[in-house]
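These are the residues of each chain, in order.
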Amino acid sequence: MSKGLPEARTDAAMSELVPEPRPKPAVPMKPVSINSSLLGYIGIDTIIEQMRKKTMKTGFDFNIMVVGQSGLGKSTLVNTLFKSQVSRKASSWNREEKIPKTVEIKAIGHVIEEGGVKMKLTVIDTPGFGDQINNENCWEPIEKYINEQYEKFLKEEVNIARKKRIPDTRVHCCLYFISPTGHSLRPLDLEFMRHLSKVVNIIPVIAKADTMTLEEKSEFKQRVRKELEVNGIEFYPQKEFDEDLEDKTENDKIRQESMPFAVVGSDKEYQVNGKRVLGRKTPWGIIEVENLNHCEFALLRDFVIRTHLQDLKEVTHNIHYETYRAKRLNDNGGLPPGEGLLGTVLPPVPATPCPTAE
Amino acid sequence: MVSSSAPEHRRLCPQPPNPRVARPRSTHSRLTSPRPHGQVILGALPPASSGLILSAPHQQDKEYVGFAALPNQLHRKSVKKGFDFTLMVAGESGLGKSTLINSLFLTNLYEDRQLPETSARLTQTMTIERRGVEIEEGGIKVKLTLVDTPGFGDSVDCSDCWLPAVRFIEEQFEQYLRDESGLNRKNIQDSRVHCCLYFISPFGRGLRPLDVAFLRAVHEKVNIIPVIGKADALMPKETQALKQKIREQLKEEEINIYQFPDCDSDEDEDFKRQDAEMKESIPFAVVGSCEVVRDGGTRPVRGRRYSWGTVEVENPHHCDFLNLRRMLVQTHLQDLKEVTHDLLYEGYRARCLQSLARPGARDRASRSKLSRQSATEIPLPMLPLAETEKLIREKDEELRRMQEMLEKMQAQMQQSQTQGEQSEAL
Numbered sequence: 491m492s493k494g495l496p497e498a499r500t501d502a503a504m505s506e507l508v509p510e511p512r513p514k515p516a517v518p519m520k521p522v523s524i525n526s527s528l529l530g531y532i533g534i535d536t537i538i539e540q541m542r543k544k545t546m547k548t549g550f551d552f553n554i555m556v557v558g559q560s561g562l563g564k565s566t567l568v569n570t571l572f573k574s575q576v577s578r579k580a581s582s583w584n585r586e587e588k589i590p591k592t593v594e595i596k597a598i599g600h601v602i603e604e605g606g607v608k609m610k611l612t613v614i615d616t617p618g619f620g621d622q623i624n625n626e627n628c629w630e631p632i633e634k635y636i637n638e639q640y641e642k643f644l645k646e647e648v649n650i651a652r653k654k655r656i657p658d659t660r661v662h663c664c665l666y667f668i669s670p671t672g673h674s675l676r677p678l679d680l681e682f683m684r685h686l687s688k689v690v691n692i693i694p695v696i697a698k699a700d701t702m703t704l705e706e707k708s709e710f711k712q713r714v715r716k717e718l719e720v721n722g723i724e725f726y727p728q729k730e731f732d733e734d735l736e737d738k739t740e741n742d743k744i745r746q747e748s749m750p751f752a753v754v755g756s757d758k759e760y761q762v763n764g765k766r767v768l769g770r771k772t773p774w775g776i777i778e779v780e781n782l783n784h785c786e787f788a789l790l791r792d793f794v795i796r797t798h799l800q801d802l803k804e805v806t807h808n809i810h811y812e813t814y815r816a817k818r819l820n821d822n823g824g825l826p827p828g829e830g831l832l833g834t835v836l837p838p839v840p841a842t843p844c845p846t847a848e
Numbered sequence: 090m091v092s093s094s095a096p097e098h099r100r101l102c103p104q105p106p107n108p109r110v111a112r113p114r115s116t117h118s119r120l121t122s123p124r125p126h127g128q129v130i131l132g133a134l135p136p137a138s139s140g141l142i143l144s145a146p147h148q149q150d151k152e153y154v155g156f157a158a159l160p161n162q163l164h165r166k167s168v169k170k171g172f173d174f175t176l177m178v179a180g181e182s183g184l185g186k187s188t189l190i191n192s193l194f195l196t197n198l199y200e201d202r203q204l205p206e207t208s209a210r211l212t213q214t215m216t217i218e219r220r221g222v223e224i225e226e227g228g229i230k231v232k233l234t235l236v237d238t239p240g241f242g243d244s245v246d247c248s249d250c251w252l253p254a255v256r257f258i259e260e261q262f263e264q265y266l267r268d269e270s271g272l273n274r275k276n277i278q279d280s281r282v283h284c285c286l287y288f289i290s291p292f293g294r295g296l297r298p299l300d301v302a303f304l305r306a307v308h309e310k311v312n313i314i315p316v317i318g319k320a321d322a323l324m325p326k327e328t329q330a331l332k333q334k335i336r337e338q339l340k341e342e343e344i345n346i347y348q349f350p351d352c353d354s355d356e357d358e359d360f361k362r363q364d365a366e367m368k369e370s371i372p373f374a375v376v377g378s379c380e381v382v383r384d385g386g387t388r389p390v391r392g393r394r395y396s397w398g399t400v401e402v403e404n405p406h407h408c409d410f411l412n413l414r415r416m417l418v419q420t421h422l423q424d425l426k427e428v429t430h431d432l433l434y435e436g437y438r439a440r441c442l443q444s445l446a447r448p449g450a451r452d453r454a455s456r457s458k459l460s461r462q463s464a465t466e467i468p469l470p471m472l473p474l475a476e477t478e479k480l481i482r483e484k485d486e487e488l489r490r491m492q493e494m495l496e497k498m499q500a501q502m503q504q505s506q507t508q509g510e511q512s513e514a515l
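Read top to bottom, the protein sequences are chains A and B. If you read the first sequence in my numbering, its first letter stands for residue 491, the second for the next number, and so on. If you read the second sequence in my numbering, its first letter stands for residue 90, the second for the next number, and so on.
Please note that the accuracy of each hint is not assured.
[Unchecked claim] In silico DSBU-like cross-links for lysine-lysine, where the CA-CA straight-line distance does not exceed 30 Å:
(1) K591(A) <-> K544(A)
(2) K596(A) <-> K653(A)
(3) K642(A) <-> K654(A)
(4) K275(B) <-> K368(B)
(5) K170(B) <-> K334(B)
(6) K497(B) <-> K426(B)
(7) K326(B) <-> K596(A)
(8) K170(B) <-> K591(A)
(9) K544(A) <-> K634(A)
(10) K591(A) <-> K547(A)
(11) K803(A) <-> K544(A)
(12) K326(B) <-> K573(A)
(13) K758(A) <-> K738(A)
(14) K497(B) <-> K771(A)
(15) K688(A) <-> K596(A)
(16) K707(A) <-> K326(B)
(17) K758(A) <-> K326(B)
(18) K596(A) <-> K334(B)
(19) K334(B) <-> K758(A)
(20) K743(A) <-> K803(A)
(21) K340(B) <-> K368(B)
(22) K707(A) <-> K653(A)
(23) K803(A) <-> K771(A)
(24) K803(A) <-> K543(A)
(25) K591(A) <-> K543(A)
(26) K688(A) <-> K645(A)
(27) K596(A) <-> K608(A)
(28) K275(B) <-> K484(B)
(29) K771(A) <-> K738(A)
(30) K765(A) <-> K368(B)
(31) K573(A) <-> K334(B)
(32) K334(B) <-> K771(A)
(33) K771(A) <-> K484(B)
(34) K340(B) <-> K591(A)
(35) K334(B) <-> K591(A)
No lab work stands behind these hints: they were computed from the structure.
The shape of chain A in the complex, shown without the other chains (with noise of 0.2 Å):
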């Protein structure tokens, strides 16, 4: 199940240093396939089974990060995928809340249940990005909490007495939220996925989508997806990671004619057909967030949870999370860092934002 190291993003200058990459298992050849069923039952299709215990003991984690300017309805928006208050709403409009002078970093951290399988889902929210009259390098803390957990986990790795389940605190998926001016990206947008798509995985999505007819939504989709591919950014699912060719097409037709996502969040309930559905109830009719008619949250739903949620994992794990230990090896010259030769011990090099390989 593991993915070779991808050369492509190490430096030429450093290519002596980098650890050979996993030599494939030596096979003789192609082992001759038998149906087992021609010849009596086995029994190692129960394999799924077993796994699929063991996790529904253990449970897993998952770490979501969102990005956005503020009032974009992020926390809704979580609230929503996850049918829980997993994110303290900042839009109640008696408090006084001011906009942070800097980008903060805020991670809470729920356990939520469903068919007796445990999810410790973690909410990593950034208040104060893109909301300052000077927004420069206002990714830059993102990035570097992004950076710190990967050498948290890189440090448990390191042990020598290491945790029998590290605990993963990497953030596995990032939503970025596009505010719907119907016309193109903005620049700040532009800039933060260029930093960060080669560290995170990003998912872009289209923020309170109620404000666009289906023409305007189209074309901002298009000029989207256009926007980005002429700049070289990649947002999940990346192409190079696809592995066979039934992910690429399936991941092809979302890349393409799916995100992002245009989706609506909310948290109230109204009677449609003798229903109650999650919608947001105007003059001229009522939204519904699941109504594949009105919106892609059911489509950002299933993406994110139901059928890519592993995958996200698996991707942050081993492309982004081996980026990153291929630096920080690369930069301690070959050795981990915390114990260097002769038992002394190496100040560990500080988590600044590793160099991204353009």
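Use these hints to put chain B onto chain A, whose structure you have.
Coordinates of chain B only, in the frame set by chain A:
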């Protein structure tokens, strides 16, 4: 404005005025019935068929003087001259400014607009664009100039991005001051900005730091009408909460927006209630559209069609477009011009001349960045054309005369002060 009382005074002139000419009332023209869409009336002139105050001709032969016809003369003159109005629109891109302007004035001012790509906007600074259009309706011509501010709030670093707009407004004042103090005052072109529609994003939680910075920079120089763009993003409760928040923020930051004048005490209750309602709905939450939607059988309306319903631009339950149009175009166009002239321009002029009157003002470094040109140089900068050198000299003469007068007045004041002190001491 001319008084609007009915002519109960003595009427001596035997010649009654033409009863068919409409008599202009006060600026608060009363709209007793909702007007059909095409009849936008600029200024304060009810259609000729209603509002006849003067009774039948044969009753006025004996006692009619005739000055009651003065408003008609005024009206006829201004109709001939035409009105000009300069409107500035400001706000982040993508808030529906151009669509709203097209909806308000039923024109297509932005036909040839090219929206730049994001990478081009990375280093774009704000520019000022002017577009002019002549609108004619009911025999009245309005020359509307639209001042646009593309690039505002676009780049990553927006510090000081409002300065070009402030400079532009001041330049118009400067130009007018120069013209007013000049010799040829008959054909002064009034290019001063009469009103600024500032668009606030419905996606935020009130005014953003950039909004506050812009408004503070221009609020003493132009009439500001705050507007919430793309208001169909909000549910009714959210709209109310956002408006409340913006009003509080405006008060907190001490930003002076344009105050719609109170209606006269003799207007009836209905009108007063309407007026109060309109004032309550500031900032206006608007939706613009130039597309006509046929909503299955009912009459065609201008609106935006969604899968869940259609927003009607002119439905007062859906948005405040009608209110904005009424208050901006139908009732307060003239008042905006007057406030610009009487309050804002006079303030600018006073500041300008004061800096001129104080000795050594020319040598002193500018007190504020924005009036640097007026404080350090001659407040009326040189006209570019060489053949107006004579005019320049004449204007300088005038200026010197004004300065002498001011100094004399100041000396007089000081004298009387010292005299007063002396007499007290005695």
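Going through the hints against the structure:
no.: 1; hint: K591(A) <-> K544(A); result: violated, 45 Å
no.: 2; hint: K596(A) <-> K653(A); result: holds, 26 Å
no.: 3; hint: K642(A) <-> K654(A); result: holds, 15 Å
no.: 4; hint: K275(B) <-> K368(B); result: violated, 37 Å
no.: 5; hint: K170(B) <-> K334(B); result: violated, 43 Å
no.: 6; hint: K497(B) <-> K426(B); result: violated, 34 Å
no.: 7; hint: K326(B) <-> K596(A); result: holds, 29 Å
no.: 8; hint: K170(B) <-> K591(A); result: violated, 53 Å
no.: 9; hint: K544(A) <-> K634(A); result: violated, 34 Å
no.: 10; hint: K591(A) <-> K547(A); result: violated, 43 Å
no.: 11; hint: K803(A) <-> K544(A); result: holds, 17 Å
no.: 12; hint: K326(B) <-> K573(A); result: holds, 23 Å
no.: 13; hint: K758(A) <-> K738(A); result: violated, 37 Å
no.: 14; hint: K497(B) <-> K771(A); result: violated, 69 Å
no.: 15; hint: K688(A) <-> K596(A); result: holds, 22 Å
no.: 16; hint: K707(A) <-> K326(B); result: holds, 25 Å
no.: 17; hint: K758(A) <-> K326(B); result: holds, 13 Å
no.: 18; hint: K596(A) <-> K334(B); result: holds, 25 Å
no.: 19; hint: K334(B) <-> K758(A); result: holds, 22 Å
no.: 20; hint: K743(A) <-> K803(A); result: holds, 21 Å
no.: 21; hint: K340(B) <-> K368(B); result: holds, 15 Å
no.: 22; hint: K707(A) <-> K653(A); result: violated, 48 Å
no.: 23; hint: K803(A) <-> K771(A); result: violated, 36 Å
no.: 24; hint: K803(A) <-> K543(A); result: holds, 19 Å
no.: 25; hint: K591(A) <-> K543(A); result: violated, 47 Å
no.: 26; hint: K688(A) <-> K645(A); result: holds, 21 Å
no.: 27; hint: K596(A) <-> K608(A); result: holds, 22 Å
no.: 28; hint: K275(B) <-> K484(B); result: holds, 16 Å
no.: 29; hint: K771(A) <-> K738(A); result: violated, 39 Å
no.: 30; hint: K765(A) <-> K368(B); result: violated, 40 Å
no.: 31; hint: K573(A) <-> K334(B); result: holds, 29 Å
no.: 32; hint: K334(B) <-> K771(A); result: holds, 21 Å
no.: 33; hint: K771(A) <-> K484(B); result: violated, 64 Å
no.: 34; hint: K340(B) <-> K591(A); result: holds, 22 Å
no.: 35; hint: K334(B) <-> K591(A); result: holds, 20 Å
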